[in-house]
Amino acid sequence: MNSRFEKDYINNIEVSAPDMDKLWDKIASSEPGDDNITPFITAAEECGCSEKNRKINVYRTIASAAAVFAAVFCITSAMGISKDTAKMDTAQDNLSGSEANIAANDRYDSFSEEAYDEAVNENSSEWVYVTECAQVRSYEQLNLSDTTDSELIGTFASEAPEEYFVEENVLLKTDLFIDCRIVSSTVRSDGVWYEAEIIHSVSLSGNNMEEETCYLTSRSPYALRKGREYLLPVCDDNGTLRIVFDNAPQIEIARDRTIICHNGWSSLCENSSYISYPQVYADDYFYDRMTITAECSLEKLFESWEALKG
Amino acid sequence: MTEEKFSRCISEILGGDMNGLKEIYIEYGKMIYSAALQICRSPQTAEDVTSEFFLKLKKAASVYREGIGHKKWLAASARNLAIDHLRRQKHEILMSVQAGDDESHPLSEVPDSTDIEGSVTSDMNAVRLLMTLGENEREVVNLKVYCGFTFSEIADLLKIPIGTAAWRYQSAIKKLRKLYGEVQI
Numbered sequence: 001m002n003s004r005f006e007k008d009y010i011n012n013i014e015v016s017a018p019d020m021d022k023l024w025d026k027i028a029s030s031e032p033g034d035d036n037i038t039p040f041i042t043a044a045e046e047c048g049c050s051e052k053n054r055k056i057n058v059y060r061t062i063a064s065a066a067a068v069f070a071a072v073f074c075i076t077s078a079m080g081i082s083k084d085t086a087k088m089d090t091a092q093d094n095l096s097g098s099e100a101n102i103a104a105n106d107r108y109d110s111f112s113e114e115a116y117d118e119a120v121n122e123n124s125s126e127w128v129y130v131t132e133c134a135q136v137r138s139y140e141q142l143n144l145s146d147t148t149d150s151e152l153i154g155t156f157a158s159e160a161p162e163e164y165f166v167e168e169n170v171l172l173k174t175d176l177f178i179d180c181r182i183v184s185s186t187v188r189s190d191g192v193w194y195e196a197e198i199i200h201s202v203s204l205s206g207n208n209m210e211e212e213t214c215y216l217t218s219r220s221p222y223a224l225r226k227g228r229e230y231l232l233p234v235c236d237d238n239g240t241l242r243i244v245f246d247n248a249p250q251i252e253i254a255r256d257r258t259i260i261c262h263n264g265w266s267s268l269c270e271n272s273s274y275i276s277y278p279q280v281y282a283d284d285y286f287y288d289r290m291t292i293t294a295e296c297s298l299e300k301l302f303e304s305w306e307a308l309k310g
Numbered sequence: 311m312t313e314e315k316f317s318r319c320i321s322e323i324l325g326g327d328m329n330g331l332k333e334i335y336i337e338y339g340k341m342i343y344s345a346a347l348q349i350c351r352s353p354q355t356a357e358d359v360t361s362e363f364f365l366k367l368k369k370a371a372s373v374y375r376e377g378i379g380h381k382k383w384l385a386a387s388a389r390n391l392a393i394d395h396l397r398r399q400k401h402e403i404l405m406s407v408q409a410g411d412d413e414s415h416p417l418s419e420v421p422d423s424t425d426i427e428g429s430v431t432s433d434m435n436a437v438r439l440l441m442t443l444g445e446n447e448r449e450v451v452n453l454k455v456y457c458g459f460t461f462s463e464i465a466d467l468l469k470i471p472i473g474t475a476a477w478r479y480q481s482a483i484k485k486l487r488k489l490y491g492e493v494q495i
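Listed in order, the protein sequences are those of chains A and B.
Everything in the first sequence is counted per our numbering, starting at 1 for the first residue and increasing by one.
Everything in the second sequence is counted per our numbering, starting at 311 for the first residue and increasing by one.
Here chain B stands alone, though its shape is the one from the complex (with noise of 0.2 Å):
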């Protein structure tokens, strides 16, 4: 989406007219999505963050400004919720993944641990593998391969040096990619 027609969407916003928001929502909805799920790890939470974002957005059109880069600020949006409901909800996740609850929290049953070579097992998929990998890794892989965003973007929006977001894909890549041709053998 171009910056003139996010502005005119977020223009139909502050006018009352959700057809603006849709617009930003079939655009950038799995985008928000995804962001909010490498935080949070948890496929409904990532759901309900997504919500939460979009029915925030009708208030908070009025702080986007123009030239800022809307689809970095979405994406920094999306993070802030998505650290601000997991504090909220810390309690109620780590109470869901002892209960072992498998239908509602799929991935819960992958440790957010370096250890890849002791989760990896033949029946995950590329987003399991993922999850494998610790929370700055896949963070930076989401945002590089399912988001789009440069190195340059991906460090303003993680506050890390470019050197540091290109390192940590880089270094993150190799594992999954590695690990990803053990899986599929």
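Bound-form chain A, shown alone (with noise of 0.2 Å):
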């Protein structure tokens, strides 16, 4: 929250306020005036009703994720599974609720697309944050748009650079979120070109892509696949737009809003639950690290980009 506007925007409240000192000697100085605390007691209703629900909502999921850490350690002791292996298993402790129900009952279950549909509707013309998430363990049971790429090969699978994603310090190259559509992909000597019709772009400083399509390069083993939804951390390259980091399976959007990423995304992986995901070249680091999280969690990956950047 570093924007010149809500900086303004406190200090113009704060400077436009009345003078809370008089106003207290106003109030300590009157009679307490007539008994109608309504207003105070519908609050504390509203309020003790939204934190009941909370709470049920807390002891679920840690009942949920006790039940899933024992049928874990259980299967590991049972398989006698390498030291490498259970520190993997140890770093995926971050299970939602959503993992122990897949565990005790194997079936996908999608959301309400009414409830979706209502919302699109009702807001047709924005982008409307989804709050509900895909139930699922596998990424081929997500609800995916169709696509003609028949598997997800990479494309140069040894030049690829070397680096790890560290989500700052893509969050600080990226000028602009664009939330795509492939339509097609061309390969070069120089790389991949991809070309994607634009639904939505998100950029700091509010000036957003007007064009309905545009041409991006990646030099990558993770391929976008033609007819899926993206949404891609993009910089301007001197004219031409890459994408930040590509040596690593880009955020998906599902056709229900879920949000498919891998968990060096740490903005999105508070409430997120792990997938199982198709290994893409024999080195694919992030085959065994994708999960799928709620569309509204892009508003912590936006804050802390804002954050950033400043």
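No lab work stands behind these hints: they were computed from the structure.
It should be emphasised that the depicted structure is a prediction, and the values quoted were computed from it without experimental measurement.
For glycine and all other residues, C-beta sits at the position ideal for the given N, C-alpha and C.
A couple of the hints might just be wrong.
[As the list claims (entries may be wrong)] Under 7 Å between C-beta atoms, here's a sample of chain B residues computed to sit facing chain A: (1) Gly-325; (2) Lys-366; (3) Ala-386; (4) Val-437.
[What the hints assert, rightly or not] Below, in silico cross-link-like pairs of lysine-lysine (DSS-like), each with a Cα-Cα straight-line distance of 27 Å or less: (5) B:Lys-340 / A:Lys-7; (6) A:Lys-26 / B:Lys-382; (7) B:Lys-340 / B:Lys-368; (8) B:Lys-369 / A:Lys-26.
Make the complex out of the two chains shown on their own, each in a separate frame, by following the hints.
Okay, here's the thing in structure tokens:
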């Protein structure tokens, strides 16, 4: 929350507020007035209800996570898994309640698409955040757009630079996020060129892209698939749009607005759950680090981005 | 202010000690004022609501229960009180606006309209620009930017889905930043 508008707004409120000392003197010397405290009673009831519901959800999550921990412990003990793999398992301890539901009930459940459609119809010209997430265990079970690309085949398996994904570094280099659908791809000697249909763009300056399509280039084993929707962190490289960190699967958006991303995106992983994901190539670092989360988690990503870029 | 400190202040108020009320006033007085201002759109009315709020809090302290979130309770109470006040004073506010009394209602000339482009002038500051938005967007921006609530808390306060709170904030802040950039040039 570092933009000029927000700072000036807070300053303006502080400056234009009444003389608080004088107001206090008036309060301290005034008679209590009428006894009607209904606004406070109503507020207490409303806050009490929402707090109760939140606690119930927390208890459910804790109970579910405990059940999953117990299941994982039993499985790893039985299989005698090596130390390294055990470390990887314990790294996946940010399990959500949905993971336990999947463990207990091996079937695909989609949240109410009617609710999503209703939200979209209500605000058809705006980007509507969906607050629910699909409850699945694997990438293939997600409600994804059709694609003519048969597999997640790496394009330049050995030429992608060796880098570790650090969210902060990526966000600092990101000029804007583009929510787009891949229309076509062309393989050239300098990389893959994607033509993308822009659905939405988000920039900190407020100057969003007005074009309907854009061209992006990437040298990565993780190809973007035709027909699929992605949220791409992009930088402007002398007029050429480049994906900021392309040596990883990009943030993908399913048709029900479920967000698919690797766990390097810490801003998105607070309320996420792990899914199985196809291994793209032999040295694929991310296939066992893929998660899903609700679309409303994007607000945290954008807040982190704003905080870093200032 | 921590929950423990707030509970201590409440106990002091219930015991007849005004120090507890003053500590809450010092901490949250401007937050209550800003929340009332978004509803009433009049600094004078917001000031009256703030005054009424703390007068009533002396008696309403007995209503507070630990665990419901004191800051959220205060904001929700302020909102409810401002809405009640506005309903009672509606006729008086309309008369003041028509009289064009700029000194007492400097924001009354700003129309409560989404016709933002028609409302923006070069001498508008951030608060005035906010007043050019619709009430729904205005409240969310104030609760988020000035009061520091999360989207989850805002959703509870306004009884809307989290996604809707986030969407209103995003679209409002985009409009405001663009306008604010134009105004500042």
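Hints, verified against the model:
Evaluation of the B:Gly-325 hint against chain A yields a violated restraint, the C-beta minimum of about 16 Å exceeding 7 Å. For B:Lys-366, the interface hint holds, the least distance from its beta-carbon to any beta-carbon of chain A being 5 Å, beneath 7 Å. Here the hint on B:Ala-386 is kept, as its CB sits about 4 Å from the closest CB of chain A, short of 7 Å. Annotation: B:Val-437 was flagged as interfacial toward chain A, and the flag holds, the nearest CB pair being 4 Å apart, inside 7 Å.
Restraint check for B:Lys-340 and A:Lys-7: satisfied, since their Cα atoms lie roughly 16 Å apart, inside the 27 Å limit. For the proposed pair A:Lys-26 and B:Lys-382, the alpha carbon gap of about 25 Å is at most 27 Å, so the pair holds. Straight-line distance between C-alpha atoms of B:Lys-340 and B:Lys-368 comes to about 18 Å, which keeps the hinted pair within the 27 Å bound. As the CA atoms of B:Lys-369 and A:Lys-26 are separated by approximately 17 Å, the hinted pair is consistent with the 27 Å bound.
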